[in-house]
Amino acid sequence: MGTPPATWSKRLAAPTAGVLVAFGLVVASPSQSAPLQAEAEIQLVTAGPGTLTISPAQDGETVDCRVNVQQYEEGSEETCIQHYDPGTRVTLEAVPDDGHSFAGWSDFKCRRSSTTCALTLAAGTRFVTARFSPVTLKITHGDGDFGSITIRPRPNTSCEFDSPCEFPFGTTVTLIRSRSAPGFFWVGACQNNRDGALNANVCRLSLESNEWVGAGYKSAGEIPPALGSEIVVVLGGSGRGKVSGRVVNGSDTLSCGSRCSISGLDRNAHVLLRAQSSGGSHFYRWSDFSRQKTRIVSLSSTTRLKVAFVKN
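Numbers in my numbering are just positions in the sequence shown, counted from 1, shifted up by 10.
Hints are supplied without guarantee of correctness; some may be wrong.
Claimed, not checked - Simulated crosslink set (EDC-like; lysine to aspartate or glutamate; CA at most 16 Å straight-line): (1) K119 to D298; (2) K228 to D153; (3) K228 to D155; (4) K316 to E240; (5) K119 to E103; (6) K316 to D298.
To be verified - Have a look at the derived ranges for each label pair, beta carbon to beta carbon: (7) T72 to R162: 40 to 46 Å; (8) T304 to S173: 34 to 40 Å; (9) A128 to R189: 50 to 56 Å; (10) R189 to S248: 54 to 60 Å; (11) S271 to F299: 20 to 26 Å; (12) T184 to K228: 22 to 28 Å; (13) R189 to P96: 50 to 56 Å; (14) R204 to R162: 21 to 27 Å; (15) D153 to K321: 55 to 61 Å; (16) E83 to R121: 25 to 31 Å; (17) I306 to D153: 28 to 34 Å; (18) T126 to T184: 32 to 38 Å; (19) S173 to G267: 44 to 50 Å.
The hints are simulated quantities; they were obtained by calculation from the structure and are not laboratory data.
Where a beta carbon is used, it is the ideal one built from N, C-alpha and C, also for glycine.
Could you put together the complete structure from these sequences and hints?
Right under this line is the structure:
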């Protein structure tokens, strides 16, 4: 199904040094058809400037997927979501745009350094993201009167409201508004957001994809909604241990035996994970090479992690 048309409301934009003033947006939510039972569905996402190609496609041809600021680029909504018979083997190829680089995958089954990944699909939905660097942050302004916004650290290139700021992949960006504006929210993937909205003077987010943050809006629905996502954690290695976790900006929890997952999330969500060894073993690392036993994962970029425990 197609995306309903967006309704735009533009206001004068007047950038100054360290200050952002911008455009507002009201948009209808995209509709997605649910996968059929006993189908294998794969939902593709590009995090940053690049293209993700899948072959074969559900119609037997190779197709390309592109996503920008949590929205399918024109013509990509139908190609980014593909359906197959369970057991189908597909090949993914990540192609960065000119002047950009490949930064890895969201799925531990894909080799971190390789731009191609072959997967055998099981029944159900699988989310796979190809990451690219550098990435961008677009900020737009609602009706809230909170003064200027300061951005830290300084972006790679100068930017204005509604004109994307560029940062290296993985940069933690802090947005600070100069005064309070109760009832006017940050909207987007800010840490500690609730259903995409955060009522605070400071918004922090880890830029692992092109992101859009709205400043001074009455509700999260005033910018386009984030795409769906989930997290899957698999335990491995020669040792023993367990993983527990919770959605930081929600109520869902997980407790892993050999595998666990939380579905029905979106890409604004953050998940706190804790790895704890047992039975004469010790924690080794996660599949993305992080060695933090306790960590917060942003679902804008990571969807399937493996944790390794090894015997002492």
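- Message: Within 55 to 61 Å: is that where the Cβ-Cβ distance between D153 and K321 falls?
- Response: Once the Cβ atoms are compared, 59 Å apart, the range 55 to 61 Å for K321 and D153 holds.
- Pair hint K228 and D155, alpha-carbon separation not exceeding 16 Å: At roughly 12 Å apart (the allowed maximum being 16 Å), D155 and K228 satisfy the hint.
- Query: Regarding the pair K119 and D298, is the alpha-carbon distance no greater than 16 Å?
  - Reply: 11 Å, holds
- Check the following: the C-beta atoms of S271 and F299 are separated by a distance inside 20 to 26 Å. Holds, at about 21 Å.
- Go ahead and decide if the range 40 to 46 Å is satisfied by the Cβ distance of T72 to R162. Holds - the Cβ-Cβ distance for T72 and R162, about 42 Å, lies within 40 to 46 Å.
- Message: So if I understand the rule, the pair passes when the alpha-carbon distance is 16 Å or less; does K316 with D298 pass?
- Response: Satisfied, since the Cα-Cα distance of roughly 8 Å is no more than 16 Å.
- Query: For the pair S173 and G267, does the Cβ-Cβ distance stay inside 44 to 50 Å?
  - Reply: For S173 and G267 the Cβ distance comes to about 48 Å; the hint holds.
- Item | Supplied distance hint 32 to 38 Å, evaluated on CB atoms of T126 and T184 | 36 Å, holds
- Item | Verdict for I306, D153 (Cβ pair) under range 28 to 34 Å | Between I306 and D153, where Cβ atoms are some 31 Å apart, the hint holds.
- Between R204 and R162, does the C-beta distance stay in 21 to 27 Å? 23 Å, holds
- Query: Do R189 and S248 keep their Cβ atoms within the hinted range of 54 to 60 Å?
  - Reply: 55 Å, holds
- Query: Within a Cα-Cα threshold of 16 Å, do K316 and E240 meet the stated pairing?
  - Reply: Given pair K316, E240 holds - Cα atoms ~14 Å apart, limit 16 Å.
Violated hints for the displayed structure: none, as all numbered hints are satisfied.
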